[in-house]
Each structure stands twice: as C-alpha cells, then as structure tokens.
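Asker: Residue strings, one per chain:
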Amino acid sequence: MTDLVRMTGIDKRFPGVHALKNVSFDLAAGEVHALMGENGAGKSTLMKILSGIYPKDGGEILVNGRAAELDGPRAAQDLGIGIIHQELSLMNDLTVAQNIFIGREPRLRFGRLDETALNAQAVEIFRSMNLKLDPKTVVGELTIARQQMVEIAKALSYRSRVLIMDEPTAALNDAEIAELFTIIRRLKADGVGIIYISHKMDELKQIADRVTVMRDGAYVGTVGAAETPVSSIISMMVGREVTNETADIPDLSQAETVLEVRGLNRGREIRDVNFSVRKGEILGFAGLMGAGRTEVARAIFGADPRDGGEIRVHGKPCAISQPSDAVKAGIGYLSEDRKHFGLATGMDVRTNIALASLDRFSGSLGVLKEEDMRRTAQDYIGKLDIRTPSDRQEVRLLSGGNQQKVVIAKWLYRDCDILIFDEPTRGIDVGAKSEIHKLLKNLAKEGRAVIVISSELPEVMRLSHRIAVMCEGRLTGILPGGEQTSQEDIMHLATLRAPSMQPEGYQQ
Amino acid sequence: MTAVNPTSTPSLFARMIDTGAHQKLLAFASLVLLLIGFSIASPNFMQTSNMIAILQATSVNGVLAVAATLVIITGGIDLSVGTLMTFCAVIAGVVLTNLGMPLPVGVLAAIGTGALCGLCSGTFVAKMKIPPFIATLGMMLILKGLSLVISGTRPIYFNDTPGFDQISRGSLIGEVIPALPIPNGVLILFIVALAASYVLGRTVLGRYTFALGSNEEAVRLSGVNTDFWKMAVYSLAGGICGIAGILIASRLNSAQPALGLGYELEAIAAVVIGGTSLSGGRGTVLGTLIGALIMAVLTNGLRVLSVAQEWQTVVTGAIIILAVYADMVRRRKA
Numbered sequence: 001m002t003d004l005v006r007m008t009g010i011d012k013r014f015p016g017v018h019a020l021k022n023v024s025f026d027l028a029a030g031e032v033h034a035l036m037g038e039n040g041a042g043k044s045t046l047m048k049i050l051s052g053i054y055p056k057d058g059g060e061i062l063v064n065g066r067a068a069e070l071d072g073p074r075a076a077q078d079l080g081i082g083i084i085h086q087e088l089s090l091m092n093d094l095t096v097a098q099n100i101f102i103g104r105e106p107r108l109r110f111g112r113l114d115e116t117a118l119n120a121q122a123v124e125i126f127r128s129m130n131l132k133l134d135p136k137t138v139v140g141e142l143t144i145a146r147q148q149m150v151e152i153a154k155a156l157s158y159r160s161r162v163l164i165m166d167e168p169t170a171a172l173n174d175a176e177i178a179e180l181f182t183i184i185r186r187l188k189a190d191g192v193g194i195i196y197i198s199h200k201m202d203e204l205k206q207i208a209d210r211v212t213v214m215r216d217g218a219y220v221g222t223v224g225a226a227e228t229p230v231s232s233i234i235s236m237m238v239g240r241e242v243t244n245e246t247a248d249i250p251d252l253s254q255a256e257t258v259l260e261v262r263g264l265n266r267g268r269e270i271r272d273v274n275f276s277v278r279k280g281e282i283l284g285f286a287g288l289m290g291a292g293r294t295e296v297a298r299a300i301f302g303a304d305p306r307d308g309g310e311i312r313v314h315g316k317p318c319a320i321s322q323p324s325d326a327v328k329a330g331i332g333y334l335s336e337d338r339k340h341f342g343l344a345t346g347m348d349v350r351t352n353i354a355l356a357s358l359d360r361f362s363g364s365l366g367v368l369k370e371e372d373m374r375r376t377a378q379d380y381i382g383k384l385d386i387r388t389p390s391d392r393q394e395v396r397l398l399s400g401g402n403q404q405k406v407v408i409a410k411w412l413y414r415d416c417d418i419l420i421f422d423e424p425t426r427g428i429d430v431g432a433k434s435e436i437h438k439l440l441k442n443l444a445k446e447g448r449a450v451i452v453i454s455s456e457l458p459e460v461m462r463l464s465h466r467i468a469v470m471c472e473g474r475l476t477g478i479l480p481g482g483e484q485t486s487q488e489d490i491m492h493l494a495t496l497r498a499p500s501m502q503p504e505g506y507q508q
Numbered sequence: 001m002t003a004v005n006p007t008s009t010p011s012l013f014a015r016m017i018d019t020g021a022h023q024k025l026l027a028f029a030s031l032v033l034l035l036i037g038f039s040i041a042s043p044n045f046m047q048t049s050n051m052i053a054i055l056q057a058t059s060v061n062g063v064l065a066v067a068a069t070l071v072i073i074t075g076g077i078d079l080s081v082g083t084l085m086t087f088c089a090v091i092a093g094v095v096l097t098n099l100g101m102p103l104p105v106g107v108l109a110a111i112g113t114g115a116l117c118g119l120c121s122g123t124f125v126a127k128m129k130i131p132p133f134i135a136t137l138g139m140m141l142i143l144k145g146l147s148l149v150i151s152g153t154r155p156i157y158f159n160d161t162p163g164f165d166q167i168s169r170g171s172l173i174g175e176v177i178p179a180l181p182i183p184n185g186v187l188i189l190f191i192v193a194l195a196a197s198y199v200l201g202r203t204v205l206g207r208y209t210f211a212l213g214s215n216e217e218a219v220r221l222s223g224v225n226t227d228f229w230k231m232a233v234y235s236l237a238g239g240i241c242g243i244a245g246i247l248i249a250s251r252l253n254s255a256q257p258a259l260g261l262g263y264e265l266e267a268i269a270a271v272v273i274g275g276t277s278l279s280g281g282r283g284t285v286l287g288t289l290i291g292a293l294i295m296a297v298l299t300n301g302l303r304v305l306s307v308a309q310e311w312q313t314v315v316t317g318a319i320i321i322l323a324v325y326a327d328m329v330r331r332r333k334a
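Taken in sequence, the protein lines are chains V and Z. If you read the first sequence in this note's numbering, its first letter stands for residue 1, the second for the next number, and so on. If you read the second sequence in this note's numbering, its first letter stands for residue 1, the second for the next number, and so on.
Pulled out of the complex, with its shape left as it was, chain V reads as follows:
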C-alpha cells in the first residue's frame, strides 16, 4: 500500500518563532490518522502547509508517491487534498449546492447559471456520503453539524483523497458526532485518508487508527490508537521532562473570599460553573481551546448575557448585567484580544489608561483635566515600565507587551480588586512575558484577587495558587497549585468528557 501523503523533515519559521522542526507525518489510504498536541504544538501549521496555505521552509512532501510542490490552496486541491477548517467558511445565505460549487458553477450560454445541473451534482456527492440533504436548503438554516457535512461535501467535490479535519466536533453534540463518525467511516471505506485534529481522547479511541503527537513544533511519535493507553498519549503531549517552575503558594486560608460564582450557566457554553477566589490569590483557568473559559470570564464581567448563576463580590450578591456594573463592583477584564476588545488602538496611551475612569478627570461641564491625565499616565508608564516615547503615542504603535501593560494600567487606575486576565501573554515575546508574570504576582501580593486564563500549561503552573480546569463548558475540577499537581493531571481533567467529578478545592 503506497502512502497517500508522506511529509518528511518539514521545517517552518515565522518571524521570531521556529514553528516546525523537522516534522514527519504520513497518511495511508482508508485510514483515520489523528494529530494531537497542546495548543501551539504546530498541528495547524503543519496542516496549513499540507493544504498549500503556508509555504514550507524545508523538507519534502510526497503525494501518491510523487514529490509535490504545494504553492497554494489551488495546487493542494488539484492533488486531492481538502481541508475543513475549524471555523466553517460557508455563505449562510446561499443554498447547500451553491456553496459546494462556489466559483465552479455549471453554466449555460450567455453566462446563465445551470441550477438544475448544480443541484444534481450536489445530490451525487451526498449519495456517495450516504447523506440525505436537500441541495436547495439555505445553509444558514442547517445545524452546525449539517453545515459541517456540507463542508465535507465541498471538499469531496474536488475529488479529495485526503481530508483534513481541524477539530470537527468542537461545536457538535453527541448525536451529531455520531452522525459525523458514520460519514467518516464511510469515506474511510472508500479509501479516503483522513487527518483528524482533536483534543478529545474518547473520540480518538472511537475513530482513529493511528495517533501522531506533536509538541513545541517537533514530532514526538506515532502510535496505534487502539492499543495505546490515554495516559501515555497525554504524557507524549506534555513531555516527560516537564520544567516544573511552580508558584509559591501563600497561606490564604484566612483571606477574605472576594469573588464567588455559583451555578453560572449559559446554553452549551457554560454549564453550572462554581468557584471562588480569595484576596491575594491567583486562580488559574486551564483547558483546551473552546473549553468555555473566556465565556465564563465574559459572563461574570457582564459582557455577554447569562442564563443563570449568582455572582457574589465581597460576600454580597451582585447584579451584573453589563460591563459597567462589573466595573462598579471592582471587576476588571483584560480580554485575550487586546486589539478588538481591550484598546482603542487609534488613540493615545494617555486616553487608553484613563478610558475606564474618565469621570475622575472630568471637571465642571465635563471638561477634561488633561494635566491630571498626563500625570496619571506618566505615573503608570513609570510604574509598569511601559516603553513608549510619550503618553501621546498611539497605542497601535506599541509592542504587544507594552499594549498589555496599558490595559493593565487602565484597570489598576480604576482600582479594580478583582482582575480577570484572559491569555495575558498571547502574542507577547518571551522577555515581556516574564515581566507580565512578575506584574501579576505583584498584583496578588498587593491583595488583589487575580484570575488567569491561559492555554499554556507552564504559564498556568508558574502563576496559579489553585488551578481550575474546564472542558466543554464544565468545570471538571479545581487542583491545588504548586508541585503536587502535574501537567498530566491538568490534561486529564481538560480532556474529561463526562461530568464525573464534582468541583473541589474549597477545602483549604
């Protein structure tokens, strides 16, 4: 049996990052080959190279035994490689058939579209998938699972022999996942090779033949899915030589509980989340992408509505329905997406620092006290060591680390004693990262309650006094920080599907 795809020695560099180091991967016909690794391990980059989205810097790709030059998505399509992105890319207002054949519509004379042929061709593809779907349905009316099927059909319409699925079950429920797996098995039987990226262990056991694990841009190993225990796959992902730089855990048993969240719920994204944070404590939130950590933070902050749940601040119930309520209660939220949600990037450092507290700089008739604003900005520029030529510099011209410090300054000046950091070091270089870490530790020492959401386990371990782990909207456990908790423990909870565990960790 020749391999459909054989990638050897793949190398890829981005500015400042060595994203892929000598990675190998192969795929046989009729096989489901799972690709696993932590966030940032390089799975997506590798698949983007295979689907022609990124050029590779080194290595060799053989498709059907022949060397392939994948210089664009079109080239990959022509070789029968299709990719289904995690974010579906369908046009919601067009029909199923129109979506599948977008850009390749069968035509009549004078540029008229042949809708009949279009629908007939779509039906043909559905038959090969054993899927019952009316090609004239508008895509926006379908469930996410069905839209996924349309994506698969679209990939197959290019006569794909290799299908890359990037976390296809992220938004599906159990019944929908079963439906998807039926289709995958059928494609497999037809000899299509499927590369399956997922974080969920139980799915791999069900559907995958082989598992390849990547870590930090490097190939770790390939094992059989059926005969390898979950724990060994997890330790491959985490790596045995874990550099455990853990936090010093202060004794907070006497400290006041500042924030308490009970029974937080919203749809499928947040399911009955309970936790509390004490004064001076750093509570880490670990979990894989899409686990619902950001959703929890935004719901507490009032940025998104919630279905239910009580939020207590300093022991008192607190009605938070919009961000201004949260800010009044002393909660600050630092979004993972600074550019979209944290900063007015076109405005200067001074204004951004004052943005949450302009009322304090307002004199009679709402006239701004610029001199006070300047002094405050200068003060924080000094305190947090924000590297900017002046407080009038537009924040879009600052580096990521310095932008983050501006957001932190904004909340510090607002006197927030509960600070929620969502991916505080995303897109920030290594040097600035440790500065931000130091800053967070100091904030806790000063007596603020700090929540840190991070997808990087080492970061969570380094900072957290306790570690809350989420999976699919559930809080699957709260682990103590420090040396007694290993990355394996966290990964175990982060991939735990059924709610077999009650939240714990209040015993301190």
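Source of the hints: derived by calculation from the structure; they are not laboratory data. Misleading hints may appear alongside valid ones.
Partial list, computed: chain Z residues near chain V (C-beta under 8 angstroms) [said to hold, decoys possible]:
hint : residue
1    : Arg-202
2    : Phe-210
3    : Ala-211
4    : Ser-214
5    : Glu-217
6    : Arg-282
Subject to a maximum C-alpha distance of 25 angstroms in a straight line, what follows is the list of computed PhoX-like cross-link-like pairs (lysine-lysine) [as the list claims (entries may be wrong)]:
hint : chain 1 : residue 1 : chain 2 : residue 2
7    : V       : Lys-328   : V       : Lys-445
8    : Z       : Lys-129   : V       : Lys-339
9    : V       : Lys-438   : V       : Lys-279
10   : V       : Lys-21    : V       : Lys-56
11   : V       : Lys-279   : V       : Lys-383
12   : V       : Lys-328   : Z       : Lys-127
From the three backbone atoms N, C-alpha and C, an ideal C-beta is built for every residue, glycine too.
Start from chain V and add chain Z according to the hints.
Answerer: Only chain Z this time, still in chain V's reference frame:
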C-alpha cells in the same frame, strides 16, 4: 508611518501627520489653490462682496457639517441633519409667528427640538441597535413629513418678529469694523465650530466620541455606558441642527417646509473632504470647516465663471471622489 524615536517625544510635525492633519493640510492647500485659480479666471471673484457671499453660503452648510462630523466620528452617520434643520425652523415659526412668543423662546424651542430629535435617533441607534444609516434615514423622512404637516405645507414668515432676520443677516462685526461687514450667520458658524472643537478635544463627551468610533467594544468592556454617550452625541448634533434651522429661517426670513432634503449629503461631503474618516475614530471640526468652504468656493466660483448649474453638480461630485481618494492613498502609505 513616521519613524518613532523611542526616547524622545515625536516632533510636532510627526504628530500632526499622525493625527490626520495631513489631510487637513491637503484640503487647505486645495482651498487656497481654488481661490487663486478663480481669482485669476475672473476679476469679479476676489471682491469683498463675493467673499462675503461665499461665507454666507457656507454658514448653514457649515453648521450642519459640524453636526454631521460629531456623529461620523462615533462611526455612525446622520442622514437627518437637513430635514431636522427644516423641522426646527418650522417649530421656530410656529412658536414665534403662530403663538407670538418672544424671540429667545423661539430660538430655544428650535434648538431644544433639534436635541430631542437627535435623542430619538440616538435611541434608535444605541438602544434599539438599528444601524445609523437606517435609523437616520427613517428620521429624515419622518421629519420631512412632519415639517409639511405642521406648517400645512405653506412657508411661515417671521414678519411679526422684529430682528429675526438680523440673526443671520445682520453684522455685529460690521458695526464695529465697517470695512468688514461679515454677517452674523458666519460669526455663529465660527462660534459653533469653536465650541464643537472644544467639546471634541477637551471634554469627556468628546473623548468618548472618538473612543466609540475607534473601538466601541473596548469602550464598553472598560465599563463605560456606551449607549448613554452615543445618545448624547446624537442629541448634541441634533441641537446644532436646531441652530442651523434658526440660521436658514433667519436668512430667508421664513421657514420653508419643503426645503432641507439634500443638505445632509452636502454636509457629509464637507465632512469627508475635511478628512474625517467615515469609519469613525478620526476627524476634526477645522477640517470640516475647510471642506464646507471648498464646497462653497467651488459652487460660487463656477457660477462666477458662468458654468452651467448642471456642470457645477458634476464637478462637486468629482471633487468628493478625488478628496477621498487622496485620503486613501495617504492611508495606504501610512
């Protein structure tokens, strides 16, 4: 982008380029070029009387454009400024002529009506989340209709209110300096522009106006009541339209209920020529004033040169496209 020296404050010049002053310079240069060009082309152009006519023509459009500038900086748009102006003029007519109230009451009624209507638009946009284009399009039609209904489709004259026409046509400056008979309408435009500039540059409302246009979600997540501030901006813009209503009624010494449609586009054109970004976050009142002057100079100059009315419109359209294209080219380089 200008080179940033990390240790020193950027030069004044670099900052001016950063804050969009480049476009203002460009607009100002075009204004000067237009003035020079028309003076050479026609000796009648550079007469004091003609210059004053240009300024007088700028006054109403200029005030409306200032109102439009505020809303556009928030990332919105206000299509109702023209018919709101007319509506406010009609209200002034009802209060002064039909009810016989004293002059200050009429003026306040017009401005108050403007602010109230602005608040309506603001509520549609902020609370009901209707896109500004649609919300103010609806307001534009509602106000046009209401003006006709209230006035019974007939003009309301201000003959019973002595001094009303002097609001726009009189000249306080001319009384002090007889050689410079600048009409009060122009004076009012400059006062409105100065006040709006001050509000934008120095007050909380102004800072939030820019912040909303720059990144509304970030402002909301900073715990700011964005809905309130947005409604405040639309209200302020509405109040300024009320001032424009008084100006135009005073100039015509009557409230003409059929007038007003089309003014909103001229105002938006002036804003755009003045370098304010339609996507929000950036803009200046000074730029808008220059934009309004360019439009007035162009219309006047072409008329002095006896260019047909139809062609004047064509040229104006072309100028708008050119102005925005120049801005786009600058942005791409930045």
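Asker: Holds or violated: Lys-438 (chain V) and Lys-279 (chain V), Cα atoms, limit 25 angstroms.
Answerer: 18 angstroms, holds
Asker: Grab the minimum C-beta distance from Arg-282 (chain Z) to chain V and call the hint holds if it beats 8 angstroms, violated otherwise.
Answerer: 7 angstroms, holds
Asker: CA of Lys-328 (chain V) to CA of Lys-445 (chain V), is that 25 angstroms or under?
Answerer: Satisfied, since the Cα-Cα distance of roughly 22 angstroms is no more than 25 angstroms.
Asker: Was the hint right that Ala-211 (chain Z) lines chain V, CB cutoff 8 angstroms?
Answerer: Since chain V brings a Cβ to about 5 angstroms from Ala-211 (chain Z), closer than 8 angstroms, the hint holds.
Asker: Does Ser-214 (chain Z) pass the interface hint, meaning its C-beta sits closer than 8 angstroms to a C-beta of chain V?
Answerer: 4 angstroms, holds
Asker: Is Lys-328 (chain V) close enough to Lys-127 (chain Z), meaning Cα to Cα at most 25 angstroms?
Answerer: Given that 25 angstroms is the threshold and the Cα spacing comes to 21 angstroms, the pair holds.
Asker: Are Lys-21 (chain V) and Lys-56 (chain V) close enough, with their CA atoms no more than 25 angstroms apart?
Answerer: 11 angstroms, holds
Asker: Would you check whether Arg-202 (chain Z) satisfies its interface hint, that is, whether its CB is within less than 8 angstroms of any CB in chain V?
Answerer: At 5 angstroms from the nearest chain V Cβ, Arg-202 (chain Z) passes the 8 angstroms test, so the hint holds.
Asker: Does the structure keep Lys-129 (chain Z) and Lys-339 (chain V) at a Cα separation of 25 angstroms or less?
Answerer: 23 angstroms, holds
Asker: Hint check: is the beta carbon of Glu-217 (chain Z) less than 8 angstroms from a beta carbon of chain V?
Answerer: OK, holds: Glu-217 (chain Z) within 8 angstroms of chain V, min 5 angstroms.
Asker: Given the hint that Lys-279 (chain V) pairs with Lys-383 (chain V), test it: the Cα-Cα distance must not exceed 25 angstroms.
Answerer: Answer holds: Lys-279 (chain V) to Lys-383 (chain V) is near 22 angstroms, not above 25 angstroms.
Asker: Can the hint on Phe-210 (chain Z) be confirmed by a CB-to-CB distance to chain V that is less than 8 angstroms?
Answerer: 6 angstroms, holds
Violated hints for the displayed structure: none, as all numbered hints are satisfied.
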